Each structure stands twice: as structure tokens, then as C-alpha cells.
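Participant: Given next are the chains, with one letter for each unit.
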Amino acid sequence: MEEDNKINNEVVSEYTLRGILKEVLSYKAGVASLIILLFFLGITIYTVVAFPYSEAIREWNSSSAHLKKPRNAVPVWWGLFSGKNLPRNIDVTFNSNEGNPIHKEFSFTYDDFPTEINIFFKAKYSGDPPIVKIYWEKPDGERMLLEEHTIRSEEDTLYLSNNFSLENRLSTDIASKIGKPIDFSITVPRALFMKYSDKLEVLKGDYKITLDTKFANKNDSLSGELVIYGKLYGIAGTDHLRRPIQIALLWGTPLDLSFGLGASLSITFLELIIASISGWFGGITDSIIQRLTEIYMVLPFLPIMIMISLFYKLSIWSLLFVVIILSIFGSGIKTTRAMVLQVKNLPYIEAAQAYGASNWRIIFLYIIPKILPPVIPNLVASVPVYVFLEAILALFGVLDPTQPTWGRVLEDAFQNGALYKGYVYWVIIPSALLILTAISFSLLGFVLDRIVNPKLKEL
Amino acid sequence: MKFIIKRVLTLFLTVLIAVYLTIVIANAGGYVDKIAENEIRTNIVMAMKDNPNFRNLSTEEQKRFLEDRVQHELKKRGLDMPFPIRSLYHLKNAMVLNLGRAMYMTSDSGSTLVKSIILERLPVTVLLFTTATVINFLLTLFLGLRLSRRYGSFWDKLVISLSPSSVIPGWFYGIFLIMIFYSWFHILPSGGLVDYPPPSGTISYFLSVLKHMVLPLTSWIIASLFLGIYQNRTFFLIYSTEDYVEVAKAKGLSPRQIEYRYILRPSLPPIITSFALSVISSWTGAIVTEFIFNWPGLGQTMSQAISYFDAPVIVGVTVIYAYLLTITILILDIVYAIIDPRMRIQG
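The listed protein sequences derive, respectively, from chains U and V. Using this note's numbering, the first residue of the first sequence is number 16, and each one after it goes up by one. Using this note's numbering, the first residue of the second sequence is number 2, and each one after it goes up by one.
Hints in this document: simulated from the structure, not taken from any laboratory. Incorrect hints may have been included.
To be verified - Each computed DSBU-like pair below joins lysine-lysine, with the alpha-carbon atoms no more than 30 Å apart:
#1 K99(U) - K153(U)
#2 K219(U) - K83(U)
#3 K50(V) - K436(U)
#4 K37(U) - K158(V)
#5 K84(U) - K139(U)
#6 K195(U) - K219(U)
#7 K214(U) - K119(U)
#8 K349(U) - K3(V)
#9 K328(U) - K93(V)
#10 K116(V) - K328(U)
#11 K35(V) - K328(U)
#12 K158(V) - K43(U)
#13 K349(U) - K7(V)
#14 K153(U) - K214(U)
#15 K50(V) - K116(V)
#16 K229(U) - K139(U)
Given the structure is predicted, the values throughout are model-derived calculations rather than measurements.
Bound conformation, chain U alone (with noise of 0.2 Å):
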């Protein structure tokens, strides 16, 4: 502790806002956290601004909304470094009003096979349902039966993917045709996509489907979607449940961000006013605080807000409280408390206690003034803390699972093994937001420290 004060004794006074950011910008990790702040900044007001909050909620939530979308796809960007020209979503609308049969063609050119086949159909009918005969032509001119398949709603979904009798018909049918024994095994999407040969490839080329549909009555209609599921998706790739996974980056930003600098800005206002009671008043309140806080050394935080979060399911914001009822006694008083007692004797605080001023006007308006420009480095320093902190409460699944947050995603990937399936965008992109953050704030609190502490500069 004695270091700290003799670092610190050198209490700067005046500094204007501008002077600061001046002296920040002359520094090189100064102007990186600053450019990475202003990234973040950016990201927050878009999303605030473009995404509302209630909207971001609801389709976190949905598990309808994302039927459409690929599952656990890999962000658009990262296809690049794959080398190959991995698949996209392919989207085919179809109406029986465009005629009957509906043929619908479609080109495939992408390097790698599609993950799932699924047909939403939308029909239209009193009485018996329709009946849809679905063909597939492939490039080479082959035309193949998939299946006949009676519609059973007014909304129906095929799953082809999912189809084992197809399949298995299909599989078989295959092997027949390549007549060589193979090393991988025939699904759906690879049957329809493949080229027959005892080497796995896509055949690339317009591909065609039938779809043939027997009405029982002359007003039935029907209309859908083939969805052709591909590999890549958006800027963040999609989770486990087909969920865009820029969603709960998006949102992550703001709320991350400002549950971080919430606590840490109060959890350092509250300890610099405690300190300076602690120092200023002195006697009983010195020690029954000193006390305290060596009582909160000895409280294990995590594992007691892991037990609150856990036994009364708090929301991220009602945690904050916690966290910062849970901080305010930290180990911070006591270097606080120092600087207290060094400006406690200096003139200006004798020329106060002359003219009558009292206790609180002078904590709160001549030692507080003085002692918070060594006190702002830490607190920009430690906003990382409690942004990875909610990263662990989310991991150890105390956290409100309805609200998208960095740590959210961190879990949901580690809850379904992105670690050893090697789903690595899954944890790489909110690993890398997370490590931004921490680098922009540890590197400004790390220039501040400079410019408030010169002595700094010299070691």
C-alpha cells in the first residue's frame, strides 16, 4: 500500500476535458481504445436506433421466426477463408395460379452440399386435401419421383432432409449406380445435389422441380416456398436454433457495455465517498469501516451472486444493484482512504474548516474534487471486470436467458459443444467483441494513468 501513496501523492488538479482528450490522442494505445470505443459507440447507436429493443426481444425469443434460416451457419465473411464457395440459402416460390404443373428452375454453382431441404406449403381447399407428386431433374437430364405427398393442414411443412424412407430409397438407388463401394454416407440433400461417382462432388447446374398437384375441387390453390438450406448466413453466422446470432451481438453491445461502465462508475463514486467519510471523520466510522471492508474480503462474490441470481432470478439490471451493494467495501477503500488522509491536513481544507464549512461540503466539495482525477484510471480500467462478469453469470446459466447479451452467446455455444464440434465462429466473434472491450478500456485506463500520474512516465 505504501507504493501506491508514493505514487499518488502527487495529486493533479486541473484538467479540462479537452486537454485530456488532447493528451490521449498523443498516445498511440490512446488512440486505438478511442477508435475502438467510437466502434462500439457506432454499433450501439445503430442498433438502438435500427432494431428496437421489444423487436430484438421477440425474435430472440421466436422459435418460429427462424424456420427459414440455416442452422448453426457460418457468417458470410468467414465462408471466405473456407476456400470454397460454400452454399447460401436458396429460396424458390411457387403458385399454383402460374399454372399446374409449376415447374420452377434454380442454379446451384456453390462448392459444397446444402444442409436441409424443407417445402412450406400454403393451401387453400374444402374438401379433400390436395395431393402434390414432387419431381426433381437434375443438371445431367435425370428426373426422379421424391415423393407424393397428401397436404394434411392449411400450413404444411415437408421436411425432404428428414425423409428416412426417401432416404433410404434414394441410397440405395445411388449405390446401385456408382457400383463401387463408397466411404460416405447418402442423405437427402447430397442425393439430390451429388454426382454419381465413388468421390463425393456437387454437380453444378440448373436444377429443375416439378411440382404436379391433384385439386379435389376447382377453387383449391396452393402456394409455398422450397427452401434450399445453405451454409452461410448474415454477419455472425446462426446458433443452434436457426437464431441470427448478430441479434444478440447487437443488443449484447448496449447492454454489455452499460451494465460494465453502470457498475463500475457507481461501484467508484460510492467507494471514493465511503473512503473520504472512512478518512475525513476518522475514529469509530474509520474502523467500523475499515472493519468492513476486511469482512468483504472474505465474502466469496461469485459464488454469493451466483446464489442470489440463482435463488430469486433477478433481471440483468436488478444483478447490477447486487453487484455493486456486493463491491462498494472492496479493496479500493483502502488506497482511496490514503489519498484522503494526505489531502486531509492541506491548507485549503484548514482555510474551509475556518470559514465553517461543514463536514459534508467539505467531503463532498473540496476532497472528493481533489482526489477523483487518480481515481478515473481505475475506474475506465476496470468497466472489463464487470462486462466479463456478466460473461460468467451467463455461462454458469443464472442470467435471465431471454435477455441476447455477449455472455448469452458464450453459453448457448458452450451448452452445445461449439468448443469440440468446431462451430469456432460461435465462440470466436463474441470472444473477439469481448477482448475489444477490455483492450480499449485497459489501454485508456493505462494512458490516463499516465497523464494523471507523471511520475508513471519516468518507470
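Use these hints to put chain V onto chain U, whose structure you have.
Facilitator: For chain V alone, kept in the frame of chain U given last:
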């Protein structure tokens, strides 16, 4: 000795208050009361089962009889009193680690007592934590000392510029280490304590544990290495400008002697102080590191208890952590007293 006894007493008081706070917090939802009541009920049911008179009663009567006995027992132990008095009963139980029975979890030996679940996991936690702490301390101390000799060199600048990396916690590096060394290179296990099935020989068992410790230890050490070296080096630099160091140089002592006698020795107390703070806060990281690496210690017990919502285990683990923190502080106090003679004299 007097100093140590005094410290033990004050620390006992602090842990008493810390555990009391834990109980108050947990019992705001009535969880501690429920734990105590369940314990009593289980004991009574056990005793009843062997009683032939009880078995002859009808189900309805059995139930009423049981309820009577439970209420009686609660009254006898003072658990029908208002919370401030009741809480003292809970406090006493928690302090002697009488933590009740788990709702779903069992220890490996099959016991449902929270105490045995925790005591079984404790050594595993202590093993990882102590190893990491000791390696960390020695590494930052000696690398810091070496760096202070090469003040302003390339390595010095490198360590300074890498020191912000410590803002990222160890468990976070752990995620990346798992991805690199397990998922990518397949050379180290992703977690756990030993291979499955555990090797039979003592030496191969030990080696297997060692192999599983590499990644957790590395993640832990990376997180504090650069900042630790940087801080220690700064302490050494401050002390190497003292007058008595100049005198020692003038006397013609070898640089090595100067370093160990006049720089290392006086700078140890402040180094230990800052190290102590980091050790205390690293208990938080320890819980998460164990969780990430599936290390079967207290942290993992905590995460299992969360997934089962096993309230007694959660309260129990929290109490144990209060004890562990206290013991850590006591050990650091003793180390401090050994290194700084002034502490011993002042008491």
C-alpha cells in the same frame, strides 16, 4: 506467535460475519430454513422406519405422527423462533460445516451429506489453485527481477506493451487453449482430472493428472503473467534507486549480492501485498476455470448444483469459499510476517 493468534481471532470473527451474511442472504428466500427442516425430517423418517409400532399405524396416522415429531424437533432446536434467533442456529451449523443434505447430488462415495460432497472435491480445487499460485508468484518474481536489470531493453518494452493482456481473465484464455490444443491439434485433453478409465499405477495416475493440469494452469498463468512481471519489475526499479543500494555498489559488492540482499529483500513486502490482493480475487477466476475445464473441484460442484437447483450444495459451497478466502488471507499474513520483521514486533 502473538501476532498470529491475534490474526486468527480477528479472521475468525470476519468469517463468522461473512458466513452469517451468506445465511441471511440465502434465507431471504427461506432456503436455509428448508435445508434444516429437510435434515430433521430425513432423520425422523430414518428412525421411524426401524420402529415396528410405527409401521402398524395407518398411512394417515403415520403422516400426522411424523408431522408432530418434526414440529416437536423444530421447537426443540429453536427453529420456530423469529429469524434473528433462528439464524444463530443456522450459523452454528454452518460454522462447523454441518451443511445439511443435498437434494439431488451425491458424493462419489454415495453420501448425500453436503459436507462429504464438498470435502471430497476440496483437495482437487486446492491442488489446482495452489500450484497455479505458487508458479505464478515465482515466475513473476524472477522474471520481474531479470527484467529490472534490463530496464529499457526490447524485452522490457515487450512486457510493458503486453501487460494490458491481463485484463482478460484466465478462464477466457482457457476457451482458446481448448480450441487450439484439444479441438485443433488433439494433443491435450479438454478437461477433467484424469483419463477415463483412470490409470492404475501411481506414477501413470500422477502423469495423467499432470497432463490434465497443463491447460488450466497455462490459462491461469498467461492471464496474470505480463502484468505481474511489469508490476514486480517496477517495484524492483523503485527500490534499486535507494541510497543503500548505491552504498552497496560503492562497497564493491557483486551485482548478484546487491540484487538479493538490497533489492529483493526490501521490495518483497509491497510485492506480497499486491500479490495477496490478486490471489484473493483469483478465487473468483478459479471457480470459472474449473467450470470451463470440467475440473472436478468446488467450481464444478457449484455449476452442477446450479443445474440441479440444489440449494443446500450452493449454500454449502459459498460457506466453504468464505473459509478458503480466510485461510488464504491467514497464510499470506503469516508469509508477510516472516518477510517483514516490523509486523512481528508491532504485533
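Participant: When the structure is checked against the list of hints, which entries are broken? Sort them ascending.
Facilitator: Going through the list in order, the structure violates hint 3 alone and respects the others.
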